[in-house]
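**Student:** Chain residues, written in single-letter form:
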Amino acid sequence: DVQLVESGGGLVQPGGSLRLSCAASGFSFSDYYMDWVRQVPGKGLEWVGHIRDKGNSYTTYYAASVKGRFTVLRDDSKNSVYLQMNSLKTEDTALYHCVRDSGYGARDYWGQGTLVTVSS
Amino acid sequence: DIVMTQTPLSLSVTPGQPASISCKSSQSLLGSDGKTYFYWYLQRPGQPPQLLIYEVSKRFSGVPDRFSGSGSGTDFTLKISRVEAEDVGVYYCMQAIWFPLTFGGGTKVEIK
Numbered sequence: 001d002v003q004l005v006e007s008g009g010g011l012v013q014p015g016g017s018l019r020l021s022c023a024a025s026g027f028s029f030s031d032y033y034m035d036w037v038r039q040v041p042g043k044g045l046e047w048v049g050h051i052r053d054k055g056n057s058y059t060t061y062y063a064a065s066v067k068g069r070f071t072v073l074r075d076d077s078k079n080s081v082y083l084q085m086n087s088l089k090t091e092d093t094a095l096y097h098c099v100r101d102s103g104y105g106a107r108d109y110w111g112q113g114t115l116v117t118v119s120s
Numbered sequence: 121d122i123v124m125t126q127t128p129l130s131l132s133v134t135p136g137q138p139a140s141i142s143c144k145s146s147q148s149l150l151g152s153d154g155k156t157y158f159y160w161y162l163q164r165p166g167q168p169p170q171l172l173i174y175e176v177s178k179r180f181s182g183v184p185d186r187f188s189g190s191g192s193g194t195d196f197t198l199k200i201s202r203v204e205a206e207d208v209g210v211y212y213c214m215q216a217i218w219f220p221l222t223f224g225g226g227t228k229v230e231i232k
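Those protein sequences? They're chains S and H, same order as listed.
To convert, note that position 108 of the first sequence is 108 in my numbering; the numbers rise steadily by one, no gaps.
With the second sequence counted from 1, adding 120 to any position gets you my numbering.
Calculated from the structure, these hints are not laboratory results.
Cβ coordinates follow ideal geometry from the N, Cα and C atoms, glycine included.
Keep in mind that a hint or two might mislead.
Incomplete in silico selection of chain H near chain S, CB under 10 Å [claimed, not checked]: (1) 131; (2) 157; (3) 158; (4) 175; (5) 178; (6) 181; (7) 187; (8) 190.
Computed cross-link-like contacts, DSSO-like style, restricted to lysine-lysine with a CA-CA straight-line distance of at most 30 Å [unchecked claim]: (9) 89/S <-> 155/H; (10) 144/H <-> 43/S; (11) 144/H <-> 67/S; (12) 43/S <-> 228/H; (13) 67/S <-> 199/H; (14) 178/H <-> 67/S; (15) 178/H <-> 144/H.
Residues of chain S clear of chain H, computed beta-carbon distances all greater than 10 Å [what the hints assert, rightly or not]: (16) 10; (17) 11; (18) 21; (19) 40; (20) 50; (21) 80; (22) 89; (23) 97; (24) 102; (25) 104; (26) 118.
Let's have the full structure, built from the sequences with the hints guiding it.
**Tutor:** Structural data, given as structure tokens:
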């Protein structure tokens, strides 16, 4: 079964940094593009960033709200994708989901998420 | 950015009755490859979103056939033929033709 397990969330002060991890299993991780999507508890979904595979030079894309502050990385040897978050703002407080891109546009599997709280 | 507009905001449905949710995109979601990059998700309480429908009308693995999707271009509809208790939650539409991916605001479905 496909599994995506996020970790690394927590409480951080404004201006601080945090690195989220997502461990993938149950599929050939290196063959898939991956995304991060966040959700303020009780609110809607906001796409954060995307990373392609080695064959596509690990190309990344970002939401305007996080561009220049967040970086999506992956380590295919560890079946993991990461979200490096710098210069955090209170509005970055959310549950961050790791999501698999099916290859035909659908984001087909989502992790449970890890909660990031940015507060002084 | 492509704006996804969902209606209604909420639905209260008697079990066994049908339900319908609409989603409109601000631009066509038809790609040059002939595919339409439009999806429906259900987020049950306390759970991450789960894929229901991809490319407008194709049911994802394990999705009951009471769920159906239709539409084209910029107007799309999700129909539940007979609502069951397990269908409660928030339904989201999403487009993936262009970055940034964008979602509708969600439709909360509850049981009467």
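**Student:** Compare the structure with the hints numbered earlier in the document and write down the numbers of the violated ones, lowest to highest.
**Tutor:** Violated hints (numbers, rising): 1, 7, 8, 9, 13, 14, 20, 23, 24 and 25; every other hint is consistent with the structure.
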